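Given only the sequences and the hints, what does the whole structure look like? Please build it.
Same order as they appear, the protein sequences are chains A and B. When the letters of the first sequence are read in order and numbered with the working numbering, they come out as residues 351 to 807. When the letters of the second sequence are read in order and numbered with the working numbering, they come out as residues 351 to 807.
Bear in mind the hints are in silico, worked out from the structure with no lab data behind them. Treat the hints with caution; some may be incorrect.
Remember, identical chains collapse to one label, so a pair may be satisfied in a single copy or spanning two.
[Stated by the list, open to error] Below, simulated BS3-like cross-link-like pairs (lysine-lysine); rule was C-alpha separation at most 27 Å, straight line:
id : residue 1 : residue 2
1  : 443       : 379
2  : 601       : 453
3  : 710       : 766
4  : 492       : 627
5  : 766       : 801
Remember, it's a predicted structure, so these values are computed and weren't measured experimentally.
Protein chains: 2
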Amino acid sequence: MYDTGTTNRKKLIIVGGGAVGLAVATSVKRHGNYEITVFSSDPHAAYSQCGIPFVISGEIEGFDKLLLKQKDFFPEMGIDLRLDTTVESLDLKDRTVFVKGEKHHFDKLVIATGSRPAVSDNLRQGAELDNVFTLRSLEDGKRIDRSLENAKNVVIIGGGGIGVEIAVAAAKRGLRTILVNRSISLLSHNIDQDMADIVQEHLESIGVDVLTGQSPHSINGKARVESVSIGGVDFPADVVIISAGALPETKLASDAGIEIGTTGGIIVNEHLQVRTKSGYDPDVYCGGECAQVQNFITGMPMLSQLASTARRMAGVIRNNLISRPTSFGPIVNPWAGAIGELQVGTVGITTRKAKQHRIKTVSGIAIGTTRAGYYPGSTRLFIKLLFSNRILVGAQVIGGEGVKERIDGLSLAIRKRTTLDELLSMETCYTPPMSMLIDPLTFAAQGALKKLPGSKK
Amino acid sequence: MYDTGTTNRKKLIIVGGGAVGLAVATSVKRHGNYEITVFSSDPHAAYSQCGIPFVISGEIEGFDKLLLKQKDFFPEMGIDLRLDTTVESLDLKDRTVFVKGEKHHFDKLVIATGSRPAVSDNLRQGAELDNVFTLRSLEDGKRIDRSLENAKNVVIIGGGGIGVEIAVAAAKRGLRTILVNRSISLLSHNIDQDMADIVQEHLESIGVDVLTGQSPHSINGKARVESVSIGGVDFPADVVIISAGALPETKLASDAGIEIGTTGGIIVNEHLQVRTKSGYDPDVYCGGECAQVQNFITGMPMLSQLASTARRMAGVIRNNLISRPTSFGPIVNPWAGAIGELQVGTVGITTRKAKQHRIKTVSGIAIGTTRAGYYPGSTRLFIKLLFSNRILVGAQVIGGEGVKERIDGLSLAIRKRTTLDELLSMETCYTPPMSMLIDPLTFAAQGALKKLPGSKK
Ligand SMILES: Cc1cc2nc3c(=O)[nH]c(=O)nc-3n(C[C@H](O)[C@H](O)[C@H](O)COP(=O)(O)OP(=O)(O)OC[C@H]3O[C@@H](n4cnc5c(N)ncnc54)[C@H](O)[C@@H]3O)c2cc1C
Ligand SMILES: Cc1cc2nc3c(=O)[nH]c(=O)nc-3n(C[C@H](O)[C@H](O)[C@H](O)COP(=O)(O)OP(=O)(O)OC[C@H]3O[C@@H](n4cnc5c(N)ncnc54)[C@H](O)[C@@H]3O)c2cc1C
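Written out as structure tokens, the structure reads:
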């Protein structure tokens with residue numbers, strides 16, 4: 351037991367027991383002197399949300415594997431974790447939260463309510479049918495998993511990271527799988543169309559029917575879903591998964607007078623403190639998907655819907671709560687996903703995003719291999735680099751291995767404002783089982799160089 | 351045919367048909383206007399030296415797979431490639447090279463003679479015995495491969511990159527394999543002892559007997575090798591491979607009055623031009639293992655015995671030959687090797703080298719996994735980071751996957767003089783099939799931070 355009943359300890363309340371909430375709770379408990387209560391709507395705690403698609407695909411043996419902590423962990427640590435318990439409202443004046451009609455006082459508050467799946471108006475009615483799901487929590491995952499057992503036809507709505515991962519899972523289970531995506535290219539928030547084409551081709555090769563540039567008109571059925579109407583055609587469906595983005599869960603905050611930004615996320619300062627009409631509140635922190643962060647390249651507000659960002663924000667909130675003032679700066683938001691045999695990663699901005707922000711970019715693409723061509727297990731590797739004023743501002747990588755490590759390196763490179771010339775003269779290592787003699791990164795940089803005005807190459 | 355008989359073309363002679371020589375030849379041919387002759391002592395051209403250990407291990411099907419170009423490639427390109435032909439001397443005044451008694455005039459000369467295996471005095475006699483080999487060329491590889499067919503006991507002398515790779519190959523072939531290493535830790539030029547211990551443990555687990563801190567006294571036998579004496583014990587040996595480092599092949603150059611540096615390599619300026627008593631010679635270039643380069647961290651001269659460095663130097667020589675002045679700067683020399691199931695990589699300086707140069711460093715080590723702990727295929731991952739004045743100066747990584755990509759990222763990070771604080775707040779990406787939620791890199795940086803004076807953590 352960490353908790354030895356010290357008096358006068360300050361009361362920390364955390365709303366949300368997800369990636370941010372529990373990381374703040376456990377690490378503040380270790381390093382600080384707080385009485386901590388966490389409220390979470392979810393009946394489960396400390397599981398890996400991000401692993402759910404891989405249980406559904408059969409890659410991971412069962413949902414139990416995703417449980418990262420024993421049941422007793424939190425009480426034994428001295429953290430009062432209230433699961434299946436929704437905070438109904440906040441009162442910033444009173445320094446209280448309301449839960450099941452009871453008032454709970456706080457000295458410090460952390461809002462970490464995450465997001466909820468977005469469902470467009472025309473699908474709202476169909477979304478109520480049996481076997482129509484969204485995917486956010488462990489329970490969602492279990493329900494989807496069970497429903498797929500007796501399914502033949504699955505329609506997945508939304509081709510973002512989660513939609514694509516679930517499409518692979520359904521196809522791996524031998525189901526007839528349709529993935530419908532509003533944008534004309536998959537993963538449109540993450541990668542450009544040229545790179546998305548590679549992903550789409552791979553999905554099709556493993557049996558996913560991909561419909562891009564289309565939105566479902568309706569989800570149809572009596573009690574249970576029967577079909578989805580897309581472009582005038584009724585596609586039969588035993589199971590439908592709506593994975594069309596997520597919206598920051600901010601009602602609690604906004605009802606309490608906390609300001610919401612243009613992205614729909616809660617406005618925070620660099621210390622991740624929230625703002626009300628009276629300014630930033632030094633005792634109320636917010637992090638994770640419900641918070642609005644800043645883009646390192648564009649300087650504009652954005653949402654980061656990533657466990658990795660959530661975890662970093664939790665670290666900053668923790669530090670600030672234990673009097674080690676720490677800032678959370680603008681982000682380059684590296685993302686990676688495993689999509690069948692492909693690893694896909696991205697960091698910084700895409701060409702699409704650059705255009706939206708009127709940032710002029712030059713890109714270079716290289717196709718290589720992950721090992722020497724003659725070495726067994728070598729897979730194709732695609733690298734796209736984006737430069738603005740000869741400075742690296744974005745990177746997209748697709749390959750069979752080593753993608754996350756490349757994206758991490760490029761993440762640092764973007765933050766360090768690495769120039770095209772520095773990338774051209776960069777040293778990479780070589781050994782046939784692990785690389786090409788000249789890394790494709792160099793070729794991608796050379797590709798960008800060739801497009802620059804006045805280039806000799 | 352690229353070559354269309356233009357007159358007045360300048361004559362480029364390249365001595366050495368290895369990684370540097372042939373890369374310069376082919377790319378100058380594509381972009382420049384030279385008549386090109388390459389002389390090479392080797393009877394083969396354009397093969398992957400670095401792949402040889404993996405043919406011997408059985409990973410790659412046969413030596414033919416290592417041949418990167420068809421026989422006709424060079425003549426069809428219009429490059430006069432003379433294999434099995436050693437340049438006997440140079441005359442810089444005359445602008446000629448002597449080959450088989452004939453003089454050949456050059457306007458531009460490239461010296462790319464590589465290295466030769468080092469054999470210590472006490473082993474020189476034994477090295478003449480049958481079934482005692484060094485490994486540098488394709489022919490060496492083929493001879494070793496054949497000799498292992500009927501062998502039972504193999505002794506490998508030298509635990510550097512090549513020695514270790516060959517030890518794995520012999521063990522994989524079921525041979526009783528002894529690896530003897532003068533330094534008390536393997537790969538002592540590449541990694542520190544704590545990391546080398548992991549490599550040694552792995553080698554032992556696959557059946558290699560590792561003797562460290564010992565040098566063989568003699569290699570014994572009549573016509574054929576029979577044993578190796580190490581520390582007073584005679585170890586039976588059917589095959590011995592001496593892999594105890596390489597010495598720059600510089601005799602040709604030094605005999606011609608070209609200056610040799612303290613490392614034994616040929617002195618070059620940033621344009622990779624050689625120096626004589628009269629200064630740098632603008633028409634004579636040198637690159638690859640025979641050239642002396644500069645260490646980015648220590649500022650001191652060093653050798654880089656890497657195909658990747660060779661290839662970059664070839665690019666710089668090429669550019670300078672076709673009038674695009676380009677510099678070759680100090681290097682961080684990233685290296686990676688596949689050692690059984692382990693991938694091992696390093697960049698910058700080690701603790702050992704730092705001490706030699708009286709550079710004060712602080713290191714941090716982290717042990718993690720390459721994927722989420724619960725994800726199938728996850729392997730252990732070891733990261734060691736070295737900082738000097740809070741700036742990253744070295745990194746060593748061992749794991750089952752993604753090591754080369756990590757080292758490349760860290761290679762750039764060192765060149766960009768990334769600080770400890772920047773690494774601590776670095777953004778890494780996360781998805782269970784490809785990473786941990788918090789990358790072990792962060793933990794390694796935190797480990798270093800804790801050792802700094804006045805650190806709170
Ligand atoms: C299927 C799936 C796969 C994913 N894969 C990846 C991946 O590979 N990589 C990656 O980086 N990210 C991935 N993510 C995203 C990642 O899981 C989230 O970004 C991260 O969990 C966000 O953390 P958070 O704390 O902001 O929100 P959450 O972890 O969602 O936690 C929010 C919590 O707040 C609770 N809550 C909300 N309102 C209240 C209230 N009023 N009272 C009490 N409790 C409340 C919710 O029930 C929830 O438990 C994935 C997400 C999903 C759903
Ligand atoms: C078994 C093995 C594995 C390796 N693995 C790796 C690895 O995984 N990664 C890595 O980066 N590096 C590796 N290397 C090192 C890499 O192969 C060398 O660094 C690279 O080939 C150096 O290029 P070079 O042109 O300087 O020398 P070389 O490629 O050796 O070429 C030199 C050439 O010059 C010729 N020559 C010498 N003198 C004369 C003369 N007087 N006249 C005519 N010709 C002459 C030689 O015959 C030779 O063909 C490995 C080397 C070996 C031997």
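Checked hints:
no., hint, verdict
1, 443 with 379, "within (26 Å within a copy, 77 Å between copies)"
2, 601 with 453, "within (18 Å within a copy, 87 Å between copies)"
3, 710 with 766, "both (19 Å within a copy, 24 Å between copies)"
4, 492 with 627, "neither (42 Å within a copy, 78 Å between copies)"
5, 766 with 801, "both (23 Å within a copy, 25 Å between copies)"
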